[in-house]
Each structure stands twice: as structure tokens, then as C-alpha cells.
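Protein chains: 2
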Amino acid sequence: MRVSQFPLFTLKEVPADAEVVSHQLMLRAGMIRRLASGLYSWMPLGLRVLRKVERIVREEMDRAGALELVMPAVQPAELWQESGRWKHYGPELLRLKDRHDREFCFGPTHEEVITDITRRELKSYRQLPVNFYQIQTKFRDEIRPRFGVMRAREFLMKDAYSFHISEASLAEGYETMFQAYTRIFQRLGLRFRSVEADSGSIGGSVSREFHVLADSGEDEILSSDGSEYAANTELASSPGPAIDTLAPADAEKCATPDTETVEAQAKMLGLALDRIVKSVVVMSDDDTPAVLFIAGDDELNLIKAARALAAEEVRLATAEEVLEATGVPKGFIGPVGLPDGLRVLVDHRAATATNFSSGANEKDQHWINLNWNRDVPLPETADLRMAKAGEPAPDGKGTLHSSRGIEVGHIFQLGRKYSEAMNATVLDENGRDQAMYMGCYGIGVSRIVAAAIEQNHDQKGIIWPAPLAPFQLLIIGIGMDRSEAVREAAEDLHDRLQQAGVEVLLDDRDARPGVKFADAELLGIPHRVVIGDRGLKEGKVEYQGRRDDESTKLDYAGIADTLLEKLRS
Amino acid sequence: MRVSQFPLFTLKEVPADAEVVSHQLMLRAGMIRRLASGLYSWMPLGLRVLRKVERIVREEMDRAGALELVMPAVQPAELWQESGRWKHYGPELLRLKDRHDREFCFGPTHEEVITDITRRELKSYRQLPVNFYQIQTKFRDEIRPRFGVMRAREFLMKDAYSFHISEASLAEGYETMFQAYTRIFQRLGLRFRSVEADSGSIGGSVSREFHVLADSGEDEILSSDGSEYAANTELASSPGPAIDTLAPADAEKCATPDTETVEAQAKMLGLALDRIVKSVVVMSDDDTPAVLFIAGDDELNLIKAARALAAEEVRLATAEEVLEATGVPKGFIGPVGLPDGLRVLVDHRAATATNFSSGANEKDQHWINLNWNRDVPLPETADLRMAKAGEPAPDGKGTLHSSRGIEVGHIFQLGRKYSEAMNATVLDENGRDQAMYMGCYGIGVSRIVAAAIEQNHDQKGIIWPAPLAPFQLLIIGIGMDRSEAVREAAEDLHDRLQQAGVEVLLDDRDARPGVKFADAELLGIPHRVVIGDRGLKEGKVEYQGRRDDESTKLDYAGIADTLLEKLRS
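Heads up: the protein sequence lines correspond to chains A and B, in order. Residue 1 is where the first sequence starts when you use UniProt numbering, and the numbers rise one by one after that. Residue 1 is where the second sequence starts when you use UniProt numbering, and the numbers rise one by one after that.
Since the hints were made in silico from the structure, they are not lab data. Some hints here could point you the wrong way.
[Claimed, not checked] Pairs of lysine-lysine, DSSO-like flavour, derived with a Cα cap of 27 Å:
{"#": "1", "chain 1": "A", "residue 1": "Lys516", "chain 2": "B", "residue 2": "Lys123"}
{"#": "2", "chain 1": "A", "residue 1": "Lys417", "chain 2": "A", "residue 2": "Lys87"}
{"#": "3", "chain 1": "B", "residue 1": "Lys123", "chain 2": "A", "residue 2": "Lys460"}
[Unchecked claim] Distance windows between CB atoms, simulated:
{"#": "4", "chain 1": "A", "residue 1": "Asp495", "chain 2": "B", "residue 2": "Asn430", "range": "17 to 27 Å"}
{"#": "5", "chain 1": "A", "residue 1": "Lys388", "chain 2": "B", "residue 2": "Gly65", "range": "54 to 64 Å"}
{"#": "6", "chain 1": "B", "residue 1": "Val515", "chain 2": "A", "residue 2": "Ser4", "range": "31 to 41 Å"}
{"#": "7", "chain 1": "B", "residue 1": "Val515", "chain 2": "A", "residue 2": "Glu103", "range": "37 to 47 Å"}
{"#": "8", "chain 1": "B", "residue 1": "Ser124", "chain 2": "A", "residue 2": "Arg482", "range": "48 to 58 Å"}
{"#": "9", "chain 1": "B", "residue 1": "Asp548", "chain 2": "A", "residue 2": "Asp561", "range": "46 to 56 Å"}
{"#": "10", "chain 1": "B", "residue 1": "Arg63", "chain 2": "A", "residue 2": "Lys460", "range": "27 to 37 Å"}
[To be verified] Residues from chain B that keep clear of chain A, each with C-beta distances beyond 12 Å, as calculated:
{"#": "11", "residue": "Val74"}
{"#": "12", "residue": "Arg120"}
{"#": "13", "residue": "Glu121"}
{"#": "14", "residue": "Glu142"}
{"#": "15", "residue": "Glu321"}
{"#": "16", "residue": "Thr354"}
{"#": "17", "residue": "Lys537"}
If you're wondering where the values come from, they're calculated on a predicted model, not measured in any experiment. Glycine included, C-beta positions come from ideal geometry on N, C-alpha and C.
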């Protein structure tokens, strides 16, 4: 391809409204153009990259036995009412009315539509398992779209949905998708990590996110240096630093005025924070209170709390709610003598405390030297604490380290949430109707392009991993308009490599060398050859890999073969 | 591919709501499923066909030098307001509001968006000509969607837009697209015709439609048996049957009571219809009247009338409007003594009439033996008549024949309608701002699939042209569950052909032969091989092409090579 036929729309200036590097570079390289807030056109250069992601995703989905289909982007409200999401989805769902005033939405996801298809088409367990996927434009009406295609309103997504007769089959299908995703991100040439994650509002229990690692990533990931363990911070586990086990001492109630905070309590009692078991009162979405006990130096993880309480979500109780639920002012609640009927959970780490201090359930009073099961029965325990970098991995192998990631994939075991709500059943082996188990599996195809740039760039521009590069090789002719020899050499090399199947771009513009070099760095094509008059006279051309600091001279004789070799390796 | 891994969703019954054959067969073959009115999911089998169309379209657009991009489906109202179409487009435009109450539409076409892109990106005539295209899901809110994907609301379209510095360059770009379209429909293996067409509301002057020929087509086409001439009936031309030239006789005014119709007039005067020049009064969209004269045996073509009058559209005047415009009651208007200032046009054929009769511009009075330029100056002439099958082609070569077609492509020379409205200019050679000339070029990708079926089917099912077939070869194993020999032979043949790159489907279901045969006819895969126990014992398998009346026996020895040969030819 020649630039004269494949125009570049590069920009010298950094666009003012682009906050993150990938957004800046995609605009500057002419990969995308903004139409309106969160709406982008993919220009020819950008589309080449997008299609590479799409192809790899498709090939691996096909290889995993998934069946490609395409469902309508516009979906009738009735289906979303059946699943219950029409009410709960919130304003991200772009709702619209057709000319007959019937309600529809521009789909951000397709659980309802695929469940509607399968409940009509699938009759028997013999037709299971099956996995349908599509690669399709979705719409999510973000309140504040930003970061270019990273958080756009219209975006390209691969969404897959699997159907199973049993939980065991779902687990197998989920594992198959896990393997497929792993291959996809490996083939894309990206550094990535799969992490345990929260399922959020989509439902289901088991889920993993795939993150492209990049310092600018929005999500924090904790991963072990001694095992495969990795999790989104919102879900990461660690036993935490060990708490010393002490010889039991006598429990004692102490006056502790003005010690609503655990720090004040520790100071007044002369105790380390991990000798304190502090209380946090939370409210579930149905306004049921629960008292949670965690170690004084730990932070409560609300997502874990919600899971442990089997609630959609929980929030911290207000001071009034604390008083109403326990009869005790905030800051003085403890495990001894709490009102009956209150839900109480103790974090695993707090459960290991000995001779600990906790509230006495009276204003300005705390116990010291409490011991579980001696002074008070140990309540139900759960993982409630935030894990932190530097702490041991939950599998006991290695230490957790923090890194940042951009979420580009998410796989879920949904269970029967949608199939039960929408009555999607098949006959099982015994001839009885049974709701199918469902998995769903997303990949943000357009988002991957931005994430790849966040991970691979320098001051000068993009540095494409080969599998994503819009072209593999850029040929720059210096002074092609003046030197017949340069023109011929450049055209000839271009034509030969193109015929050999190489994705090659020839910059044949009548532009200054500085412009061509700057664009070359910006576009980030992995390999570059510069052909100039002076070099040619010595039988040389200049080669530079995009990550190389300097160029090297190569013999012009046999240059096509030399380059083919480089491209293959 | 095996049916056990690529499930078929075939139906025995003809779905009640499917009116046309392609819709019935696409549902029955499990290619599509209805989600809501005019909204269809493309099931895996259908998607394979759709992708074939898409690939051929893409390859030929690329070959023609067009640049692929993807613009957002959702478009801001502002751009449509700039072009003036927000007001004029009508309720087919699906309008919507985002969460901030800003107005958008789900694009049925992208003239505005591409013009917005090019006015920002293109600065100089040196960057022209350029042609951008996309293959994208569009939405048109049809008042009565029907015929399945033939007239769906959501559909897949290839839309291209070219930009030029001059009309001559536009004509060249248009010709390039004409050639590309011709190659596309040739490669699709469809019988088609390109025809002159009306540009409709999209604007512009020159346009051609591409029709897939099928008896069930909505459009009538007239094409010459002696030349390449072909046109949509709404625009077809013919000089019509010659009108005899008579020796001039004296003009005479006759009383002709109760002869408002041309038939009554002819009867009373004892004249053949082609001796009468009849008047039709029409109103332009700005309510300007015009009097049109055509031969008594001809029918007025309103689209041609609009073109000749340079109006957006025209309609027949009411009796009151006729009286008001001419002062003469309907049925008695003639060319002699019409009020001044009235726009008057005479059809080319009517202009050849001699000794003709026409209204005398008085109630119940007609002239006979009028002659143009003797009794009244011949007004401006134009092509106003409907052409009919059996009439001469306008190029004088051959006779027009009627056929029916399904419109699947349309190419337009738009001119500067959008670039002027949206101020899309570049600097010309003299350094002056100049609005670009624009062409636009559409192909209904999903519609082609239905049109191909309308053209290629029989009582039993679809008959795919090879380039569109979802698979090239179907292998049916008879009693694969009972006969190890059959299973081995079928699997082995499948694996060998698949490895040789053949798109082969093996029906490995435990189903009755009748079911498999019926599905084979329904799916319409071009080649079919049946492997059964009895045949195998004789070293034979049965081969049948989808268009063959009977099967033929082939040697099982070397069957893979025999089939590869057949598939290549």
C-alpha cells in the first residue's frame, strides 16, 4: 500500500480534549475521529488494527467450538421487562421508541435476546452444551464518556453465551472459554493477567476479568509472585499479616472516654492496632443491618461483605442506624452481649486475635483481653478484609504485588438467573423441564486497541505488537520526487514485499524527511526501512525496528529477503 | 463441519407470517429468526452466507481503491439539521434522545457524517479523489416491515462516498464504482441488470440501480434485446410506436360535448388515439401548475415530468386547480390560445403528431387537424411518456422487454448538495475554496441474500449459487449410528475434504434418511454425497448436484479427488 493511495491523517499537535495517551495517539495517528461525545469513527488506519483484533478473537472462538451469529442491535423492551432489567439497568441503557411508539433499546448486551432464541430453538439436553457468540456494535450511554474508545458510548464487543444442562457442564464450558481467552490475549501479543472478579449486576457467582497491564490502568490488581493467583483489588484475598497468639490474660472492662475511633482506643489502651477487633455496621439493600468485626489495622471490603451476607450490595450504616440496630453508640460495639437476632460476622483474620480489645456495648467502655470462645462464642467467620500489596497470597505461595490493568474481557458463570426469569427450559434426561445453566463471556474488541497502546508506546508514538500492527513494514523514500534511483528502489521493494504477502506501507509523499520520520514514530509500525540517494550509492539502506534506539545499515542487494527473514522472526 | 457441532434449526412447516419465498426458506432453513417486527437474528447458517456477500463486496471495493472505515451508527441531530434532512427525512429516521436529552438518530445512511469527516480532514484538491466506504448495520424505521430481511428495519449495508474536485472526476469515480458493482454481482453468481433510475430524495442527477432478476421482484425493468439499454420503468425511455405523418389538412374547431376523456373524444371524432394530443395539468411541490401534452395513447410518467420541470416531485392537478390555472375545464385544454405565462411542455412523441386533435380551450370544443408550428408554435419538448414493453429501445437498437427485479444496489452522482449545505470545501488549483463533488454508492448486503434465494429456489428449497453457498458439499451418512463402515467412510471423506479447504458439512445426526434428504434440499448446498451401507458394499456412493434431477453413482475409491474435481469446475 502506498500513502498516496492510503492517506494518513496524522496530527502534530496533541488534541486538547484527549486525557490519556492512547486517546491522544489514536487521534494523532489518524486512527479515529470524534463525531460526538463518546462516538468515534474508525478511520482506515485504525480499522486495520480493529480488524486484526476481531480476526484473532473470531478464530479462537471458532476453535473453541462457539457458533457465530448476529443478533439485532435494537431490542424490544418486552424481553428486558421479562428479565427484570428494564427497570434495574439504569440510564446507561439507551431507550428509544419506534414510529409506532413501541419501546426498544440499543443493546449494551444480549442476554435477553439469546435466551429468547434458545428457549425457542433448544428442546432437549441433547442439544447442549452450545455456545453462541457475536462480534457487534453495542451502545452504553455513559454519563461521562472519556478516554476515546476506551470508554466510548458506541463500541465493538464480542459477546458469547453458553447454555448447559448442569452446573458441571457450565464449569467445563467456562473453562473452555478461559482457555480461549488466554490464547486470544497471548496471540494479540499483550501482557495481560486474568483475575478473580466481582460479577456485579449482571448476576452469577463465578467470574474472571482479563486485564491488559498498563500503568495507566483504572483497576488495581493484586497478583502473587509465587503462584498464578491474581485478583481485582475489589475481590483479592489474603490472610494478612499474622497476629501474635498470646497466653490468655483476664478480660477486663475499661473506661475509654472519647475513643470512638480505633486509633484513639489503641492510644488510650496502649495497644497495637492488631490487638483490637473493631466493629463496622452495614446495611443490606433491603435495609437489614449486620455487625462485622475485623482487625483494627484492616479495612472492610464492602463487596466481600455483600457476598458474605448474600446481598446485592451493602453500605455503611449511619450513626443513627447503628444506634437503632444495636442500642449502642458507634465506636463502642463489641461481640460480648450484642442484642439477639442481629446478623454478626467475624473476618478470618480478626478471628485469630487473642487478648484483644473490643467495645463493651456501652458508651465510653471497652473490653481488653477478650478471647474468642472463652468470653464469647466465635460467630460465623468470613473473608471481609481488603487485601493489600505486600501481604501473603491466599494460597500460601508467594507475596501479593500490585499492578494496574485495563479490563478487556470478562467471563461469568451466570447460572440460571436469566433462564429462570425467562422460562428457558429444555427436557432433561428424565424428560422433565429444566432451566438451562448459562455462562456469558465478553471481550471489548475496540477497547483492546486503546489498551494495547496504553501498554505499548513511548514519547514519540505507538509501538505496535506485531499481531496488531496496521502494517508490518514502513518504507520511507527520501526525496522520491527528485531521485529516480530512490523512487525505483522504494517502489520495487514495496511491490516485491507486497507480493510476498507482507503488509507494507510505502511513504511516497513529497514531504520533508523530518515529517516522514515523525509520522513513522507516531504510527508505530514495527519495522522501518529508509531508502536515500546517498546510501543507495554505497549499496545500503537503513533499517530500524520501532523499539531500536538506532538504525543499522543493511545491504540493498538482497534486501527483500533480509527483511522477510526479520519479519518472520 | 459436522451437524453435531454445527446444529441446524430447520423447520418442516412454512411459517404463517412469511409471505415471500425467500422469507419462508430463510426461516425454514434456520438462517434467520425474528426478534420483533423487521428485526432478525442471523443464525450461524445464515451468517455464513451473509459473510460471503460481505467478503466479495469488500474485496471489490478494496480493489477499486476505496478506503474502508466505520462511522458510528448513532449520529447527532445537528449534522442532519445542517444538511436539512432532519426535517425532511420523515418517520423512517429513527430519532432518539440520550440521557442528557440530546437528539440523535440511528443512521439509515451516512452522507452527513462522511461529509463532516471530509470537511475536517481534506484541505486540498491534491487529496482528491477519494472514496470511503463502510459495511455496517443500518436502521430504517419502515412503517410496515415485511418479506423478512428483504425489507427489514435493521439491515447490513455497504455504503460508499466519493469526493472530487470536478464533475469530470466525479463521473470517472462513478464509472469506477459501476465497474466494481458489475464485478461484485458477477462474482456473486447472480443474474442481474443495471438500470437507469431515479435518484429520489437523496439528491443528485445521474444514478443507476442494480437489480437481481427474479419474477417476484417489486420493480419492473425494461431492457433492450438489442443493446445494453435497461431502465427502471419509472425512468425508461422509448420513442414509442411511430405516429403516421399525414398530408396537412385544414384545422377545424368541432363541438364535442361530453368528451372529457380522450376515449370519448376519439370516438366522437372517429380518430385513432394517436391522432389526439391530450393535456395533463400537474402541480409542482411549490404549487406551480404546468400543462403537459402527450399522445392520446400514452401515459404520463410523473417522475419524468418532475425532472423535466426541475421539481422535487409533481402531482396531478385537481379539477379546481386545472380551472384556476388555465381558465378551461378539464378535458378541453389544448395548445392553441393557452394563457400566457403558463409552463407548457410537449412530449417528444406527441411533437411528431400531424393533423392531430386537441382541446380548444373552451368547454365542449376540440380542434381537429392541428399541426405544430403551423397552427401553434411547438412548445418546449421533453420525454414525458411511460415506456412500455414491446416498444423500441431509445438507442434505436432492439425492442424493450419487461422483467422484474429486486433492487440491491444503487450508485449516485450526488453533485454538491451535501458539500454546499455543509460547507465541505477544499482549495482548488487556484487556491480558492471550492465545494467538493460527491458520489454515493450503496449495496444492500443482507438484502442480497434474500434476493439470491428469490432467484434461485425450487419447491423443495434453496439452490445456492456456489459463491454464496454456506457450504459447498453436504455428506449424508445413512445409518451412521448402525454401520461402522458408513461412519468411517463419511468421517474420513469429511476430514479429507475439509483439510483440502472444502467447506463441507457432514450430516452425522441419528435421523431418518428422509429427514436428512429433506433438509439437504431445503439448505440448497450445491453438491451432495450420500454414503450408505449397500452402496459401500459395491464400492459406490451417490452424488447429486442440487440442480440435478437424479443422483449418479460414483466409485468410492478416489471419491475425494472426484469431488474436488467437481467442485473446481
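How the hints compare with the structure:
For the suggested pair Lys516 of chain A and Lys123 of chain B, the alpha carbons sit about 19 Å apart, so the restraint of at most 27 Å is met. With a C-alpha separation of about 16 Å, the suggested pair Lys417 of chain A and Lys87 of chain A falls inside the 27 Å cut-off, and the hint holds. A C-alpha spacing of about 25 Å is found between Lys123 of chain B and Lys460 of chain A, which places the hinted pair at or below 27 Å, so the restraint holds. At roughly 36 Å, the beta-carbon separation of Asp495 of chain A and Asn430 of chain B lies outside the given 17 to 27 Å, and the hint is violated.
For the pair Lys388 of chain A and Gly65 of chain B, the beta carbons lie near 58 Å from each other, so the given range of 54 to 64 Å is met. About 58 Å separates the C-beta atoms of Val515 of chain B and Ser4 of chain A, a value inconsistent with the hinted range of 31 to 41 Å. Range check, Val515 of chain B to Glu103 of chain A: Cβ separation about 41 Å, and the 37 to 47 Å hint holds. Hint check: Ser124 of chain B to Arg482 of chain A, Cβ distance near 21 Å, so the stated range 48 to 58 Å is violated.
For Asp548 of chain B and Asp561 of chain A, the hinted distance range of 46 to 56 Å is satisfied, since their beta carbons lie about 51 Å from each other. For the pair Arg63 of chain B and Lys460 of chain A, the beta carbons lie near 35 Å from each other, so the given range of 27 to 37 Å is met. With a cut of 12 Å on Cβ distances, Val74 of chain B falls inside the contact zone with chain A, its closest approach being about 6 Å. Look at Arg120 of chain B: its CB is around 7 Å from the nearest CB on chain A, not clear of 12 Å, so calling it non-interface is violated.
In this structure Glu121 of chain B is not separated from chain A by more than 12 Å, as the shortest Cβ-Cβ distance comes to only about 5 Å. Separation of Glu142 of chain B from chain A is inadequate, the least Cβ-Cβ distance of about 9 Å not exceeding the 12 Å criterion. Its beta-carbon lying about 32 Å from the closest one in chain A, Glu321 of chain B satisfies the requirement of being farther than 12 Å from that chain. Non-interface status of Thr354 of chain B relative to chain A is upheld: no Cβ of that chain comes within 12 Å, the nearest being about 54 Å off.
With 12 Å as the threshold on Cβ separation, the claim that Lys537 of chain B sits away from chain A holds: the shortest Cβ distance comes to roughly 31 Å.
When each numbered hint is compared with the structure, violations occur for hints 4, 6, 8, 11, 12, 13 and 14.
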